[in-house]
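Here is what each chain is made of, one letter per residue.
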Amino acid sequence: QVQLQESGPGLVKPSETLSLTCTVSGYSITSGYYWGWIRQPPGKGLEWIGSMYHSGSTDYNPSLKSRVTISLDTSKNQFSLKLSSVTAADTAVYYCARRGSVYHYFDYWGQGTLVTVSS
Amino acid sequence: DIQMTQSPSSLSASVGDRVIITCRASQTISSYLNWYQQKSGTAPKLLIYAASSLQSGVPSRFSGSGSGTDFTLTISSLQPEDFATYFCQQSYSTPWTFGQGTKVEIK
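Sequence lines, in order, name chains X and Z.
Mind the numbering: the first sequence is residues 1 to 119 in this note's numbering, read in order.
Mind the numbering: the second sequence is residues 1 to 107 in this note's numbering, read in order.
Heads up, a few of these hints could be off.
Below, a sample of chain Z positions facing chain X; criterion: calculated Cβ distance under 8 Å [stated by the list, open to error]:
1. Tyr32
2. Asn34
3. Pro44
4. Leu46
5. Tyr49
6. Phe87
7. Ser91
8. Thr94
9. Pro95
10. Phe98
11. Gln100
12. Gly101
Computed cross-link-like contacts, DSS-like style, restricted to lysine-lysine with a CA-CA straight-line distance of at most 30 Å [what the hints assert, rightly or not]:
13. X:Lys44 to X:Lys82
14. X:Lys13 to X:Lys82
15. X:Lys44 to X:Lys65
16. X:Lys82 to X:Lys65
17. Z:Lys39 to X:Lys82
18. X:Lys76 to X:Lys65
19. X:Lys44 to Z:Lys45
20. Z:Lys45 to X:Lys82
21. Z:Lys39 to Z:Lys103
22. X:Lys65 to Z:Lys45
23. Z:Lys103 to X:Lys44
24. X:Lys76 to Z:Lys45
25. Z:Lys107 to Z:Lys45
26. Z:Lys39 to X:Lys44
27. Z:Lys107 to X:Lys44
28. X:Lys44 to X:Lys13
29. X:Lys13 to X:Lys65
30. Z:Lys39 to Z:Lys107
31. Z:Lys103 to Z:Lys45
32. X:Lys13 to X:Lys76
Output of the computed footprint for chain Z on chain X, the stretches with three or more beta carbons under 8 Å from beta carbons of chain Z [stated by the list, open to error]:
33. 43-51
34. 60-70
35. 107-113
Hint data in this document are derived by calculation from the structure and do not stem from the laboratory.
Even for Gly, the Cβ is constructed at its ideal location relative to N, Cα and C.
Build out the structure end to end from the sequences listed, making use of the hints.
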């Protein structure tokens with residue numbers, strides 16, 4: 001059974017870099033699929049942040065592209081998100097998720113982690 | 001970006017009711033449309049992909065239809081565990097975008 005679990009600080013100061021890690025179990029991230037991040041501000045809708053393919057190619061939401069880096073750590077079966085220069089508008093629940101490569105649906109999700117941007 | 005608009009934003013229904021949620025894309029997306037269910041405090045769960053394909057393990061009372069710009073999610077007989085928020089997502093072109101959600105509440 002594929003499982004994903006986010007980890008990282010729940011509080012980040014404005015202008016600093018948000019860093020999260022997603023640990024995958026039950027499936028090797030080198031075997032296929034895209035691995036990425038989606039966020040949901042409290043009480044609001046879902047926003048796709050970006051993804052990385054198992055081969056290493058990436059795609060990012062243009063609205064965040066200048067601040068986002070997604071990377072894979074195949075030795076640990078993990079992938080990570082870095083979002084720089086955060087503001088209060090980046091406060092959200094951050095989900096990691098697996099995405100299919102044909103119909104691009106998100107079929108497995110982590111439980112989500114709330115990240116608050118505040119001084 | 002492709003804008004996804006769901007209607008209604010919320011609805012009240014009773015157990016056993018037939019519920020229909022619609023999703024409209026700002027441009028044609030063929031059948032690249034997915035539906036998710038999100039219960040309070042939990043991650044979204046994939047229900048339907050490619051407009052009408054039922055994800056493994058999802059009850060058959062859920063169905064999806066449509067192509068082009070107009071899509072529907074139908075719950076044939078609403079069950080207590082179906083009270084949740086439902087989102088559509090287009091997977092035709094990046095950036096992948098979601099509808100604003102439809103909250104299904106108990107009447």
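Check each numbered hint against the structure and report the violated ones by number, ascending. Hints that this structure does not satisfy do not exist here, as all of them hold.
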